[in-house]
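A.B. asks: Going by this note's numbering, the first residue of the sequence shown is number 877, and it counts up by one from there.
Among these hints, one or two may not hold up.
If you anchor each label on the Cβ, the simulated ranges turn out as follows [as the list claims (entries may be wrong)]: (1) E988 with D886: 53 to 61 Å; (2) F1023 with R999: 24 to 32 Å; (3) E952 with A891: 39 to 47 Å; (4) R971 with S951: 16 to 24 Å; (5) E952 with E995: 18 to 26 Å; (6) Q977 with D887: 43 to 51 Å; (7) R964 with F892: 15 to 23 Å; (8) E995 with S967: 25 to 33 Å; (9) G1052 with E988: 24 to 32 Å; (10) S1003 with L896: 41 to 49 Å; (11) T1032 with L883: 49 to 57 Å; (12) F892 with R949: 15 to 23 Å; (13) I889 with E995: 17 to 25 Å.
These are computed hints drawn from the structure, not numbers from a lab. In this text the structure is predicted, and so the values were computed from the model without any measurement. Think of the CB as a built atom: it goes at the ideal place given N, C-alpha and C, for glycine as much as any other residue.
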Amino acid sequence: MTRRRHLPNDDDISAFRDALKAAGVRPIATNQADPGKPKRDNQAHEARRTAAVQTNAPQATGRTSDGRVEAVRPSEYLEFSVPDLPWRTFSQLKRGQMAWQAGLDLHGYTLEEARRELESFLRDSASQGLRCVLVVHGKAWGSTSDFPVLKSHTNTWLREWPNVLAFCSAIDIDGGTGAVYILLRKRGH
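Turn these sequences into a full structure, and let the hints steer you where they fit.
C.D. replies: In structure tokens form, the structure reads like this:
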């Protein structure tokens, strides 16, 4: 015996929408990850994006290098873990089951600014004892390069950072292959 599925009529749909409105529910404005960073104005954003593309040889600072950077595709899934990280922990990170506690959006930064921001963010997160963070690097191709510059550099920089135990591309709701979850070493370990 099969049951017929009840299809809502216009009155049902209208009543449902009225109930949502009465409860204060409103449609979301965007379906992109919000790491909590305030939005920039578009002119400054475009100026920084242009500068990032034009930057060919930034100076090396901090812990991250400007050595050979492996170019990655915009939609490529990124993942890395230290050899002794438990499989279950890395699996939870990859499935988005670890709640991220802070976020950084690198959109609009030049390559050197992005490096400084990332280093500062990782230092601050580690000093606060945060375990899992989100970094949005984007997937944009540079006009003078044939690969996503910030994504490729972020992939390299995170592998060099001593407190990074693992990282992987985020699930779609948190930015997909335009963002990474980063698992940080616990304090004292």
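A.B. asks: Now, for every hint given, state plainly whether the structure supports it.
C.D. replies: Hints and how they fare:
1. E988 with D886: 53 to 61 Å: 57 Å, holds
2. F1023 with R999: 24 to 32 Å: 27 Å, holds
3. E952 with A891: 39 to 47 Å: Cβ of E952 to Cβ of A891: about 46 Å, so the range 39 to 47 Å holds.
4. R971 with S951: 16 to 24 Å: Since the Cβ atoms of R971 and S951 sit about 19 Å apart, the hinted range of 16 to 24 Å holds.
5. E952 with E995: 18 to 26 Å: Taking Cβ atoms as reference, E952 and E995 lie about 23 Å apart, which means the hint holds.
6. Q977 with D887: 43 to 51 Å: 45 Å, holds
7. R964 with F892: 15 to 23 Å: 40 Å, violated
8. E995 with S967: 25 to 33 Å: Since E995 and S967 have Cβ atoms about 28 Å apart, the given range 25 to 33 Å holds.
9. G1052 with E988: 24 to 32 Å: 26 Å, holds
10. S1003 with L896: 41 to 49 Å: 42 Å, holds
11. T1032 with L883: 49 to 57 Å: For T1032 and L883 the Cβ distance comes to about 53 Å; the hint holds.
12. F892 with R949: 15 to 23 Å: With Cβ atoms ~42 Å apart, the hint is violated.
13. I889 with E995: 17 to 25 Å: 51 Å, violated
Hint check: violations occur at hints 7, 12 and 13; the rest are consistent with the structure.
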